[in-house]
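There are 2 protein chains.
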Amino acid sequence: MVMSSASRHNGPVNRSIGNACDRSITPVAPAASGSDFLQLNPEEAPAGGLSDWLARRLRDAIADGSLPVGSRLPATRVLAGELRVSRGVVTEAYQRLTEDGHVAGRGRGGTVVVAAPVAVPVAPAAAPGPVVRAAGSGGPAGAVFAVTPPGADVFDALRAAPARIDLSPGVPDLAAFPRTAWLRAERAVLKGLSASGLGYGDPRGALELRRAVANWLARNRGIRVDAGEVLITSGTAQGLGLLAQVLRDDGVRAMAVEDPGSLGARHHLRDRQLETPPVAVDAEGVRVDELRATGARAVLLTPAHQFPTGVVLGGVRRRELMRWAAEGGLIVEDDYDAEHRYDRPPVPALRSVLAERVCYAGSVSKLLAPALRVGWMLAPPKYRDALVDAKRFADLGNAVLPQLVLARLMESGEMERHLRLLRRRHRQRRDAMIAAIGEHLPGAVVHGAAAGLHLVITFGSAEFADTELAGAALARGVKVQPLSWHRQRPGHPGLVLGYAATPPGGIAEGVATLGEALSEVVAEVRPRGR
Amino acid sequence: MVMSSASRHNGPVNRSIGNACDRSITPVAPAASGSDFLQLNPEEAPAGGLSDWLARRLRDAIADGSLPVGSRLPATRVLAGELRVSRGVVTEAYQRLTEDGHVAGRGRGGTVVVAAPVAVPVAPAAAPGPVVRAAGSGGPAGAVFAVTPPGADVFDALRAAPARIDLSPGVPDLAAFPRTAWLRAERAVLKGLSASGLGYGDPRGALELRRAVANWLARNRGIRVDAGEVLITSGTAQGLGLLAQVLRDDGVRAMAVEDPGSLGARHHLRDRQLETPPVAVDAEGVRVDELRATGARAVLLTPAHQFPTGVVLGGVRRRELMRWAAEGGLIVEDDYDAEHRYDRPPVPALRSVLAERVCYAGSVSKLLAPALRVGWMLAPPKYRDALVDAKRFADLGNAVLPQLVLARLMESGEMERHLRLLRRRHRQRRDAMIAAIGEHLPGAVVHGAAAGLHLVITFGSAEFADTELAGAALARGVKVQPLSWHRQRPGHPGLVLGYAATPPGGIAEGVATLGEALSEVVAEVRPRGR
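Chains as they are written, first to last, in this note's numbering: chain A, 14 to 543; chain B, 14 to 543.
Bound conformation, chain A alone (with noise of 0.2 Å):
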């Protein structure tokens, strides 16, 4: 999908866009309409499956650019006239498309496409050629890119890369972090904290923050749990990998992964002397028919907000997937920035309708900050006591102060209040990027923004590596993650991109100079590929 210079500034998207980019808004573009909109034909649609056959169209249209991100949808009742359906069938796939996060109601702005959704590569992309070096990509900085695969310190290596921007994905907005809520917590921790309280604590975690734990999941993830079931880890990488212990004592020998998916926890899985059998992701999540045929007993997924493209796993997939795991699977449900959403509805946690099959992670790290490393996993009956003692022995239990102090935080409202101020800055941010990317990357297209911290843009069947944009953007300050390393089979080349760290200029300013770099890269390629 390209995304035209009529639709990469529109309006609904950019409204909360700060002063710096508002110059360059142009006026909201007339909504799509008229009788050949998109050539939609209900004749073509299976008989009872009107909605079913509108939300598809719609939905490839939005993947294959003939919708773009920013474009706005005919209003309802036009579109059912026009197709001479009724008007609930229109709305119903509409509200599918605001359920995946593709697009959202703007009010009386209508209904805007807010995030292309992956496009299933019908054949896979030819595998990546030997890394050539852009002529930018050289020395320290483009060296990171240049392991393929990129081993474990990678992440240690891209962050010790000196960059003048960092839009890495994984953080939220870290100068938000509320550093006098916390220090005032912290000081009536110390106050109410007895002299036992300070030796060797448990190590499930402090029933302080267990109980604060098990009401956030309630408010925030309509999630049902008691306290005794939280185990407080030092964050997902490290439940995970408790976890990843506990299967293999169970036999367990792979952990089905989505792909593309986490490069982070794959290297923890296969750690921990798990295989990763890839799965397929498209616009619907998880290809649970892929799933079966791995055969895995477990599998790793994100289902609110996939990671990298944040697409939300659809009703149908959830049916699936509940079968699947009725059937003996388990689900490990990586809850990683579910809190964050900005142009759709809350997507519940798979925990919240089959607490027996799966085995939910979540953490303050994109709540508050990574530094902090707590987190919490609610493990299904069977494996809980053995959690408790992989824990026991990985560290006798997390840190017992700054617990007490997230507790506080917790029941005191003062996070609610945090995330949202979160939100308001990060759709800013968000805002900002999609704009950049218009008017830098026109090739580019944007997946999974409707949520989250990052989005995800590719460049379509180009054929440059996207670890040579990643260290070219690098070798001229700039910090991001090729999509390539979150794939395990091969796929378009793109960038993963974070928003929520950096302020609108910076933001602007990196996305401008990922447009030179890409126009280097593109340079490098064209001799090459004639």
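Among the hints, erroneous ones may be present.
Stretches of chain B that chain A covers, calculated by requiring three or more beta carbons in the stretch to come under 8 Å of a beta carbon on chain A [claimed, not checked]:
| no. | stretch |
| --- | --- |
| 1 | 194 to 202 |
| 2 | 247 to 253 |
| 3 | 402 to 409 |
Covered stretches of chain B (chain A as the covering partner; in silico rule of three or more C-beta atoms under 8 Å from a C-beta of chain A) [said to hold, decoys possible]:
| no. | stretch |
| --- | --- |
| 4 | 101 to 111 |
| 5 | 309 to 315 |
| 6 | 521 to 531 |
20 Å max Cα-Cα, derived SDA-like pairs, lysine to any residue [said to hold, decoys possible]:
| no. | chain 1 | residue 1 | chain 2 | residue 2 |
| --- | --- | --- | --- | --- |
| 7 | A | LYS204 | B | PRO191 |
| 8 | B | LYS204 | A | ALA189 |
| 9 | A | LYS204 | B | ASP295 |
| 10 | A | LYS204 | B | ALA201 |
| 11 | A | LYS204 | A | GLU221 |
In case anyone wonders, no lab produced these hints; they're calculated from the structure.
Only a predicted model underlies this, so the values are computations on that prediction, with no experimental measurement involved.
Virtual Cβ for every residue (Gly too), placed ideally from N, Cα, C.
Starting from the known structure of chain A, fit chain B onto it as the hints suggest.
This is chain B only, laid out in the frame that chain A set:
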């Protein structure tokens, strides 16, 4: 050894006991002297080995009770005259006992026995018979001690058991935790920290803390190390687990451990599939000949203050160990409480003399509080990278804020101030415990009280099981650890008693309760034995 009523209240040891105990203090015992002092006969000494011989004879006398804790040695001038040896021979022998922690110079109070070495049983005591429940040890309290051998959750069970007085070993005076200084440092940290400092960090730990630890170790433990060689861990339990993993990957299958030695450490090693062959500890520390016989390539040691016996690794054993290590052995030095010493000079860390073959582990658990879960490890170059990888996979590195707070406390001199405060308070409590033992447990032999946060008492060849005694004590509201928990091979019954976290009044009451529990257990056993 029986602590006679004449010796148990000797002045010098008790000088710093608070008023609560002063009334029970009897006048200072006259210095042991006379031509028949210990029936010493210098003609037994090998040629040129007079000091060695004298030190050995004195050590034996302390071990077998002829020189009980609290008794005073003859002045060097006097003893030299009586034995017709040069005064330097006696001074040298006293010096060695001082270094071992068995005696202490008390200025004009002379040289006083402060701790008995662990007697090496000539023949091991009979294996403990079936657990017999003492009257008071039933119910949930006694159940903690009913499981033989104790499982990995035994410390959690003991911690969860309700009790009036907690004499478990392993924690410093937690009421002295520098809350104000901590909060002040945290405020400064939050003020100065950059936003990116709240992101994902270096898996080795924050550079500020690694530097502070390097400086701390140079000042306090004689270790010269670069910050780049320091790995910050979530405490020694984690460090040991990570090291065990790395050693397993290097083909190591066993890590020899001291016997008696830490039960918790043994649990952690076994969890990582390392065998833990026992090596006896005698009055000079670990038996290197036994270590060689195990064939193990690695050994876990507590050289500065053996856990639990309190023995200091002697000079000859140090040299033997160095030889063993130079031939390919790896020493894991758990320097858990070396900063705490009362009647003896500091014992240099093994790491300070053999960096290539020693993996050194320390933590703030005994300096500040176990609840902080922060420790450090200095690995030999061979294992350094693998350990960083293991830490990364474990949890992506420690939480950042507490690291920066600690770094400030260490670099500002606050930690040393705190340590000096702790030493004063701990010494008082240690003295209170020794006095109370003399009063309420007259049959008990005290070991390892010259340093650390705990001491050990044994009961000679008494026939009861120490788990019975610990159970009976818990039923009366006093928590202690049975020595047998920390043994792999049978030995005399005993208790490991922490004194650092309990004020003198609580110690006196707790030990009095132990006396009652002992009477009950002995009364239960006697009819059985006859």
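Right, here's what the structure says about each hint:
no., hint, result
1, 194 to 202, "holds (count 4)"
2, 247 to 253, "holds (count 4)"
3, 402 to 409, "holds (count 6)"
4, 101 to 111, "violated (count 0)"
5, 309 to 315, "violated (count 0)"
6, 521 to 531, "violated (count 0)"
7, A:LYS204 <-> B:PRO191, "holds (11 Å)"
8, B:LYS204 <-> A:ALA189, "holds (13 Å)"
9, A:LYS204 <-> B:ASP295, "violated (45 Å)"
10, A:LYS204 <-> B:ALA201, "holds (19 Å)"
11, A:LYS204 <-> A:GLU221, "holds (15 Å)"
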